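So you can see what is in the structure, the chains are spelled out below.
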Amino acid sequence: MKIIDIKNLEKIYNDSEVKVHAVNGVNLSFEKGEFAAIVGPSGSGKTTLLNLLGGLDKPSGGEIIIDNTSVGTLKSSRLIDFRLHNIGFVFQAYNLIPVLTVKENVEFIMLLQGKSKKERDARTKELLEAVGLIDRIDSRPAKLSGGQQQRVAVARALASKPKFILADEPTANLDSKTTENLLEIMEKLNREEQVTFIFSTHDARVVKKAKRVITIEDGKIISDERRN
Amino acid sequence: MIWSVSWRNVWRSKVRSAVIIIAIALGIFAGVFTWAFYYGMVDQRLETAIKTEVSHIQLHNPKYMVNPDMINFIPNIQEVKTKIEQLPSVSAVSCRTVQNALITSAETGSGLRIVGINPEEEQKITDIYTKVIDGTYLTGIKRNPILIGEKLAEKLNVKVRSKVVVIMQQMDGTMTKGSFRIAGIYKTTNSMYDEMNAFIRVEDLRNLTHFEASAGHEIAILLKNNQDVESTLADLKTEFPDLDVKSWREISPEVSLVEETMDISMYFILIIILFALGFGIINTMLMAILERVKELGMLMAVGMNRRRVFSMIVLETVFLTLTGGVLGILLGYAAALIFMRTGIDLSAFSEAYERMGYDPVIYPVLKLNIAVKVTILVIITGLLAAIYPAVKALHLKPAEALRIDM
Chain A
269 MKIIDIKNLE KIYNDSEVKV HAVNGVNLSF EKGEFAAIVG PSGSGKTTLL
319 NLLGGLDKPS GGEIIIDNTS VGTLKSSRLI DFRLHNIGFV FQAYNLIPVL
369 TVKENVEFIM LLQGKSKKER DARTKELLEA VGLIDRIDSR PAKLSGGQQQ
419 RVAVARALAS KPKFILADEP TANLDSKTTE NLLEIMEKLN REEQVTFIFS
469 THDARVVKKA KRVITIEDGK IISDERRN
Chain B
3 MIWSVSWRNV WRSKVRSAVI IIAIALGIFA GVFTWAFYYG MVDQRLETAI
53 KTEVSHIQLH NPKYMVNPDM INFIPNIQEV KTKIEQLPSV SAVSCRTVQN
103 ALITSAETGS GLRIVGINPE EEQKITDIYT KVIDGTYLTG IKRNPILIGE
153 KLAEKLNVKV RSKVVVIMQQ MDGTMTKGSF RIAGIYKTTN SMYDEMNAFI
203 RVEDLRNLTH FEASAGHEIA ILLKNNQDVE STLADLKTEF PDLDVKSWRE
253 ISPEVSLVEE TMDISMYFIL IIILFALGFG IINTMLMAIL ERVKELGMLM
303 AVGMNRRRVF SMIVLETVFL TLTGGVLGIL LGYAAALIFM RTGIDLSAFS
353 EAYERMGYDP VIYPVLKLNI AVKVTILVII TGLLAAIYPA VKALHLKPAE
403 ALRIDM
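Here the protein sequences come in this chain order: A and B.
At position 13 of the first sequence the residue is numbered 281 (the working numbering), and the sequence of numbers has no breaks.
At position 385 of the second sequence the residue is numbered 387 (the working numbering), and the sequence of numbers has no breaks.
The following block holds chain B by itself, in its conformation from the complex (with noise of 0.2 angstroms):
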């Protein structure tokens, strides 16, 4: 009866209930709809970096990651991609040539990173085809088509069609020029990215640096799921422990770090909400242990011990702020759930968003996790503004607490 008693007790004083609920369901919807929203983000952003620019893992020459030369390259490039093909975790391989370059267009120049792939293979890795927004995917053009960026195709002034020069070294040292024709157009979330990544055919990117045909620089790899990232990688380390292996989160360590610190993050920032709320708890809790000192004072005179005086507070207190905390969840998924369809566009700082890679238009992202832990930390802020009142109330002696006129 204790429970239920409690329950009751929150429903006395109805309007000061009400008005602590909603502060803290307000408090709630905060946090939780701000978590939906950063996940929404985080995962965006990890769905861009895998599918779009650096894959699960990647493999190089362990010289190339110190100095990405084009001799440090990995011989025998297609016989490393077949056996990795067999491992069963794997869903697709792409073989890639690397060189650093500058692009000249009539009007200026930038510095960048010039891949060769083979396109076909590439469509099976990532999915920059799909980022076209003028032109085509390195067809259309039957000489030294190029894929450019669109932050790069504004830099240098360029359209599709339009010629570009692109200078890089060859394998003997020596510098080397190719005259190529803009492709296409792509434009990812990044526009860092996109500034500095240009896809040109391999076989363009051999012809003009004469690099070998069985070599390669980068080999990139898809995984049919996220989860099998760590045991691809041990297997991978262990088949070519000649190669430099490497998982997503060290290619893009700025990625993962924004993924691992996002829930402690959330943590923080959910902490001093509750935090905040806790001592508007604490005063309600007070104000209706004051408005019950006779009757507090009457169940210790008929013989209700403190244990029981105690849980009768904190379980009055657990029930206001958990009702709160529901609802604030409830709250948060609602309105999570009605812009995981539409989104929240962000696009009037979407500039800030695109150099930092994130998508400027937010889908928000429910997991029942974030549930549970707000519904945990609810339970232990309740508790812990519950430790005051219920002390007040325990500190009261029967006999001078049935003599106070209410």
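Excised from the complex, chain A in its bound form (with noise of 0.2 angstroms):
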């Protein structure tokens, strides 16, 4: 089932004297639970890809319609809301709020979404288990390492029950073993929750576990291949 449609979409940067085409007639499009990747240099445009995608960006031409919805036509405040229901956000510097506790920042988007206790302290149990860190609930962050934080973030992301996960540079802070332990936490998660992760990246070994590699130069696919 499609739940991604991107249409010759193009994002043109006119902030300097020239113009700068971030991304350049990209026609793409996901299923549902996809783990797929988009690599490219520095500078190819994956992260914009990934901004336009998740509606943090306006784009400049063509069309991304996720599930029916056409992003690029929706109001500010619509968008939000789109986000709130749709998409969750993995980032590489993790972002948790410093102020609140492991299970805090994971039911923090349920409480926004306004569901209710009951439900969110259920969620929020599940996917801490699910990550491994159901013993650090009452943690707050800066008591957790690098490799706790982004599990946290990815149960965050999760929370919500998203359509799709953004996962930007999510491994690019980590060690090695840590990564390969994230890793296997975010295909375990797909698997059971058939929610589809786009990443993007440009570690081997995130590379290495995609079942599908979207490569990107210079604002344009350039390659899209998918593995078994």
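These aren't lab readings, by the way, just hints derived from the structure by calculation.
Computed from a prediction, not measured in an experiment: that's the story for all the values here.
Hints should not be assumed to be uniformly reliable.
[Said to hold, decoys possible] 20 angstroms max Cα-Cα, derived PhoX-like pairs, lysine-lysine:
1) A:K343 / B:K399
2) A:K456 / A:K479
3) B:K16 / A:K411
4) A:K270 / A:K300
5) A:K270 / A:K479
6) B:K239 / B:K65
7) A:K477 / A:K456
8) B:K399 / A:K326
9) A:K431 / A:K300
Can you join these two chains into the complex? Each is in its own frame, and there are hints to help.
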């Protein structure tokens, strides 16, 4: 089932005197439950493409259709609400809220969604068990290692039961062992929750695990390889 | 959870928050304490004005108010007094005969107001008898005793049992003089009053001026309760349409003015303090937001809408302001509680204070409404100070905010 359909997507930055074509005529689609990596050198347009997919940036041209909704046509307030219910984010720097505990960080999004306490508690417990951090439920992020923080970030991204997760360089700050562990957790959740994961990365370890590898250069897709 | 997040955010940078909280607390402390101080000062002045000088209500012949001449009296004053005593709100009534006069000692003379009183009756109305610092309250001297203020005694250079001569007008318009002996010297907190008022027995004044026994110039009324002034005033105006009936507010408008304008003055002072603190709060919140650009970007990215982001920043600012505000109120109350017992001695400036009728030892007065008013002002300051930082946060673009390296 197709959940994301990108048609002739363009993003041009006019900030400087020279126009920068960060994304140039991209056509892509993603199915439910994919585990895909977007790879490419620095400045190739990976993060811009991810930002456009996540509705964090407005495209200069083309269209992104997510679950029959054209994201580009949504007004700012509707777009925020759309993100809340459809998209999960994992960031390179984890970006957990330092004043909240692990549990509170995970359930925060569900609170924004207006879910009941019972629902929140059950989902938080389920996700923290899945990422192996149930014993750190009341810890603050500062007390956790980088890998543990990123696992909390993955749990947070899944808490809202999104249609897909966008992970921007999620392993860039992690060592090999931690990366391996994190990728295994994400693979497992991808399988169990049937949620699509889209990574932007140049980490070979992520590429190795990905079931689909999309290569981008100068804002254009130059290859799209699916693996079994 | 937004309330909880906002509260915890206040304590992220403990030192920075503590600095602004202490600044707010000191500002509010100053405001609250000054307010309590002025309440005390004005309450004391009111107490003096009512219990020592003018009572709650006075009645006069309307002509006397225009021309305080001896002939402008209230006839059958005892009948009027009896009627007034029957009002349930009335505590005590005193009839006075008043005459402007000249008092002379062996050395000098001075103009003043001679008040002829019935000492037993007057004691129920005014507390001058408690202010006698030397001698007695018109007792101990058989013939023509007089009670004068300390300031006048100093001016005339006289003491208890000294002889003074009082010159005044008789009923027929001719001048007369009487020899009086000082029975006592009193001292109130109003040196002007002490200099301008002397008390003699009403029968001595009548003998000297041939004033009618059934008449008088002034009826002073003390009520059981300060709150009954307006209703009793209305009753008396209806009952005695031919007399001039005035409350203490009309008789001593300067005291009334101070009482009525005190709250406005204090609001003005506090608003200036809070206005200055507001800039400190804005600065602190802007720094807090600058430090959290990435986090705010993340919150917006994951679906926290503008209303919630705005609320979070506003709540954070209000919590920060309110913490300092409550601390300042508590400090102000604590200081006021201490000085309520010991008083604040401003004797170094006593002459200036006493000339204005104020006691040089001020006992601050704590009223709940100070805390309520200050808390409301603090919350308003927090809300206003939050607007600019919150709007600044709303202008962040999630994609750009997330790219910033902190």
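For this session: Assess, step by step, whether the Cα of K270 (chain A) is no farther than 20 angstroms from the Cα of K479 (chain A), and give holds or violated.
Result: 16 angstroms, holds
For this session: Below or equal to 20 angstroms on CA atoms is what counts here, so check K16 (chain B) against K411 (chain A).
Result: 18 angstroms, holds
Exercise. Holds or violated: K399 (chain B) with K326 (chain A), Cα cutoff 20 angstroms?
Worked result: Holds, at about 11 angstroms.
Exercise. Given the hint that K239 (chain B) pairs with K65 (chain B), does the C-alpha gap stay at or below 20 angstroms?
Worked result: 16 angstroms, holds
Exercise. Keeping to a limit of 20 angstroms between CA atoms, is the pair of K431 (chain A) and K300 (chain A) held or broken?
Worked result: Holds, because 8 angstroms separates the two Cα atoms, which is no more than 20 angstroms.
Problem set entry | Hint consistency between K477 (chain A) and K456 (chain A) [alpha-carbon to alpha-carbon, up to 20 angstroms] | Holds, at roughly 12 angstroms.
For this session: For the pair supplied as a hint, K343 (chain A) and K399 (chain B), confirm whether the alpha-carbon distance does not exceed 20 angstroms.
Result: 14 angstroms, holds
Exercise. When you check the alpha-carbon spacing of K270 (chain A) and K300 (chain A), does it fall within 20 angstroms?
Worked result: 6 angstroms, holds
For this session: Given the hint that K456 (chain A) pairs with K479 (chain A), test it: the Cα-Cα distance must not exceed 20 angstroms.
Result: 13 angstroms, holds
Checked against the numbered hints given earlier, the structure satisfies every one of them.
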